[in-house]
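Chains A and B supply the protein sequences, listed in that same order.
Quick note: the first sequence uses the numbering used here, first residue 125, plus one each step.
Quick note: the second sequence uses the numbering used here, first residue 28, plus one each step.
It is worth saying that the hints were derived from the structure and are not from the lab.
Keep in mind that a hint or two might mislead.
Said to hold, decoys possible - In silico EDC-like links for lysine to aspartate or glutamate, alpha-carbon gap of 20 Å or less: (1) A:Lys297 - B:Asp288; (2) B:Lys342 - A:Glu239; (3) B:Lys320 - A:Asp236; (4) A:Lys294 - B:Asp118; (5) A:Lys294 - B:Asp216; (6) A:Lys294 - B:Asp99; (7) B:Lys213 - A:Glu302; (8) B:Lys341 - A:Asp225; (9) B:Lys116 - A:Glu239; (10) B:Lys318 - A:Asp159; (11) B:Lys213 - A:Asp299; (12) B:Lys116 - A:Asp232; (13) B:Lys116 - A:Asp175; (14) A:Lys297 - B:Asp118; (15) B:Lys320 - A:Asp225; (16) B:Lys116 - B:Asp99; (17) B:Lys116 - A:Asp159; (18) B:Lys323 - A:Asp299; (19) B:Lys116 - A:Asp236; (20) B:Lys318 - A:Glu196; (21) A:Lys297 - B:Asp99; (22) B:Lys320 - A:Asp232; (23) B:Lys284 - A:Asp299.
To be verified - Counterexamples of contact, computed for chain A against chain B with all Cβ distances above 10 Å: (24) Val134; (25) Gly151; (26) Gly162; (27) Ala163; (28) Asn164; (29) Ile252; (30) Ala254; (31) Gly281; (32) Lys297; (33) Ser298; (34) Tyr306; (35) Ala311; (36) Arg317.
From the three backbone atoms N, C-alpha and C, an ideal C-beta is built for every residue, glycine too.
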Amino acid sequence: MIVMNKQQIVRIAKILVFIAALAPFLGYLAALYNDALGANPIETIQRASGDWAMRLLWATLAITPLRKLTGEPALLKFRRMLGLYAFFYASVHLIIYLWLDQFFSWPDIIADIIERPFITVGFFSFLILAPLAATSTRGMMRRLKRRWGQLHKGVYGAAIAAELHFWWMKASKSDVSEPLIYLLILALLLGFRFFPWLSGKLKRSGLTSGAMDMVHP
Amino acid sequence: MLIKRIKYNQPKPSEITPESIYRQRRKIMGAAAVAGLGMIGGWSLQSALARVALDSGKLGKSALSTDEAPTDLDDITHYNNFYELGTRKSDPARHADELITDPWSITVSGHCEKPGKLTLEDFLKGQDLEERIYRLRCVEGWSMVIPWVGFPLSKALARFQPTARAKYVAFETLHDPKHLHGQRRKILDWPYSEGLRMDEAMHPLTIFAVGLYGKVLPNQNGAPIRLVVPWKYGFKSIKSIVDIRFVERQPPTTWNKLASDEYGFYSNVNPEVPHPRWSQRRERRIGEFRKRKTLKFNGYAEEVASLYRGMDLKKYF
């Protein structure tokens, strides 16, 4: 009975999280339609899609520490959805760049990626996320076995690259207060993994499978 | 606006307005300005602006103005870089009342015969205001067309009689961290400072602006008086000026001090010199969907290229 209840709660919570993560996209779409995005609407959606990609990536990374802190295994059921949403917003971000910023001028795009470190790391972050999204299905998880876990540790690299991308973009405008907040949270999230003392007295729970293992031994 | 233009393929306002009315647009704007004059800036600025507003119909077009359609007033006044009032583009409009423009005085010093501290009224006395419709290109890759009201900087500076030792002129923005919340954070080295070479300052295109769209300059656009140098990136056009100094050596400027490899002293608009973090080849004109090609010296090459003859513009960017 208790197990049934929990399954229902998780199912409803998943629907709510799905809607909550989609809401910013729909909100900006509506605002764009109503001309409510200010003088430079393309810049506004460009920035917002990047913000939401990072927020959802950070939320994805928060699942494991939260699970360990609360001992609630059901949290893991949200990780894939959040991760895929992070990839969705990152894709929107990239498409806006390719289309509305560069108008598919490939020589300019290639030069931009090579010459400008802030674009390079942003693009790098996306390149890491893409195979993670592609291998997010249960079937791929089963097929890749141990290698799935290794592959998906790439998410740390993607997050660090995204953080650098945001930092360098803001640094040239001399205001890093926003990327600093992201950096502190990311440091905490990664700290949980790389420095076990950060997670206090929590011992490794018995929930490990290859895919869900912590990085530290 | 963006979506509407895609969806209904709207023509530009200048294309749907009958030619005869379009030709009178300055007169119409002038009438609107008289009706809507603000309360800031003291009586002399208001009356001076009212006079130019009344006259602008007769004045016709300044040879130095562009024919391009001006950007919406709402966009010009709600999409600003003015870190004293906050770092987001929407901040300056929201916090505009933090800038106290009355009373206002300007100190002029350095290598000149007649230095002094003048009230804004005295500073503006005797200056004939005129409309100048200029392109503005921001270093961030966007642009606008702005109908300023102002007067040539050369006329403002001449009365202080700069000496032969005055090779550059330096400007400073008001420093008032008590009211300007942005100045309470050490984002930039306050007060904001900028500078021009003397020949750049004396160029007929360079103006002091005190108004836009025929009205007193809104606070978020740099009230009560700001520099406008249309062939340079926008950050050179320093806002809310309280200090002017004639100097012999190239003065330190805020963004250049912060990142000299990104923001040069000259900062002439130049599509051939990329900013380290972005290309400067194209720009988004606010209100337009497609990007435009950025023009050398922001399209003012004919007027100003001779100022830089023989200079390596990649070195002196």
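Consistency of the hints with the structure:
At roughly 13 Å between alpha-carbon atoms, Lys297 (chain A) and Asp288 (chain B) fall within 20 Å of each other, so this suggested pair holds. For the proposed pair Lys342 (chain B) and Glu239 (chain A), the alpha carbon gap of about 19 Å is at most 20 Å, so the pair holds. Of the pairs offered as hints, the one joining Lys320 (chain B) and Asp236 (chain A) holds, with about 16 Å between alpha carbons and a cut-off of 20 Å not exceeded. Proximity of Lys294 (chain A) to Asp118 (chain B) is assessed by CA-CA distance (about 16 Å); at most 20 Å being required, the pair is judged to hold.
A threshold of 20 Å between alpha carbons decides the hint, and for Lys294 (chain A) with Asp216 (chain B) the separation of about 17 Å falls inside it, so the pair holds. A distance of roughly 27 Å separates the Cα atoms of Lys294 (chain A) and Asp99 (chain B); the hinted pair therefore is violated under the 20 Å criterion. A threshold of 20 Å between alpha carbons decides the hint, and for Lys213 (chain B) with Glu302 (chain A) the separation of about 15 Å falls inside it, so the pair holds. Between the alpha carbons of Lys341 (chain B) and Asp225 (chain A) the distance comes to roughly 25 Å, so the proposed pair goes past 20 Å and is violated.
Restraint check: the Cα-Cα separation between Lys116 (chain B) and Glu239 (chain A) comes to about 27 Å, which exceeds 20 Å; the hinted pair is violated. Under the criterion of a C-alpha separation no larger than 20 Å, the hint pairing Lys318 (chain B) with Asp159 (chain A) is consistent with the structure, at around 19 Å. Restraint check for Lys213 (chain B) and Asp299 (chain A): satisfied, since their Cα atoms lie roughly 10 Å apart, inside the 20 Å limit. Proposed proximity of Lys116 (chain B) and Asp232 (chain A) is contradicted: the alpha carbons are some 27 Å apart, above 20 Å.
A C-alpha spacing of about 16 Å is found between Lys116 (chain B) and Asp175 (chain A), which places the hinted pair at or below 20 Å, so the restraint holds. With a CA separation close to 15 Å, the supplied pair Lys297 (chain A) and Asp118 (chain B) stays within the 20 Å bound. Taking the CA atoms of Lys320 (chain B) and Asp225 (chain A), the gap is near 13 Å; set against the 20 Å cutoff, the hint holds. Pair hint Lys116 (chain B) plus Asp99 (chain B) holds up; C-alpha atoms about 16 Å apart against a cutoff of 20 Å.
Restraint check for Lys116 (chain B) and Asp159 (chain A): the C-alpha separation of about 17 Å stays at or below 20 Å, so the hint holds. Taking the CA atoms of Lys323 (chain B) and Asp299 (chain A), the gap is near 29 Å; set against the 20 Å cutoff, the hint is violated. Among the hinted pairs, Lys116 (chain B) with Asp236 (chain A) is inconsistent with the structure: their alpha-carbon atoms are about 25 Å apart, more than 20 Å. Taking the CA atoms of Lys318 (chain B) and Glu196 (chain A), the gap is about 50 Å. The hint is violated against a cut of 20 Å.
The suggested pairing of Lys297 (chain A) with Asp99 (chain B) is violated, with an alpha-carbon distance near 25 Å, which exceeds 20 Å. Restraint check for Lys320 (chain B) and Asp232 (chain A): satisfied, since their Cα atoms lie roughly 13 Å apart, inside the 20 Å limit. In summary, the hint linking Lys284 (chain B) to Asp299 (chain A) is supported, as the alpha carbons are separated by about 15 Å, within the 20 Å threshold. Every Cβ of chain B is farther than 10 Å from the Cβ of Val134 (chain A); the closest lies at roughly 39 Å, confirming the non-interface assignment.
No beta-carbon of chain B comes within 10 Å of the beta-carbon of Gly151 (chain A); the shortest separation is about 15 Å. With a least CB separation of 6 Å from chain B, Gly162 (chain A) falls inside the 10 Å interface cut-off, contrary to its annotation. The beta carbon of Ala163 (chain A) is not kept farther than 10 Å from every beta carbon of chain B, the shortest such distance being approximately 4 Å. Its beta-carbon lying about 6 Å from the closest one in chain B, Asn164 (chain A) breaks the requirement of being farther than 10 Å from that chain.
Non-interface call for Ile252 (chain A) relative to chain B: holds, since the shortest CB-CB distance, roughly 22 Å, exceeds 10 Å. The claim that Ala254 (chain A) is not at the interface with chain B holds, since no C-beta of that chain comes within 10 Å of its own (minimum 24 Å). Non-interface status of Gly281 (chain A) relative to chain B is upheld: no Cβ of that chain comes within 10 Å, the nearest being about 22 Å off. Under the 10 Å C-beta cut-off, the non-interface status given to Lys297 (chain A) relative to chain B is violated; the minimum distance is some 7 Å.
A Cβ of chain B approaches the Cβ of Ser298 (chain A) within 10 Å, the least distance being about 5 Å, so the stated non-interface status is violated. Listed as outside the interface, Tyr306 (chain A) is consistent with that label: its C-beta sits roughly 16 Å from the nearest C-beta of chain B, beyond the 10 Å cut-off. At roughly 22 Å, the least C-beta separation between Ala311 (chain A) and chain B is larger than 10 Å, which holds for a residue marked as non-interface. The Cβ of Arg317 (chain A) lies farther than 10 Å from every Cβ of chain B, with a closest approach of about 31 Å, so its non-interface assignment holds.
Violation of the numbered hints given earlier is confined to hints 6, 8, 9, 12, 18, 19, 20, 21, 26, 27, 28, 32, 33; the remaining hints are satisfied by the structure.
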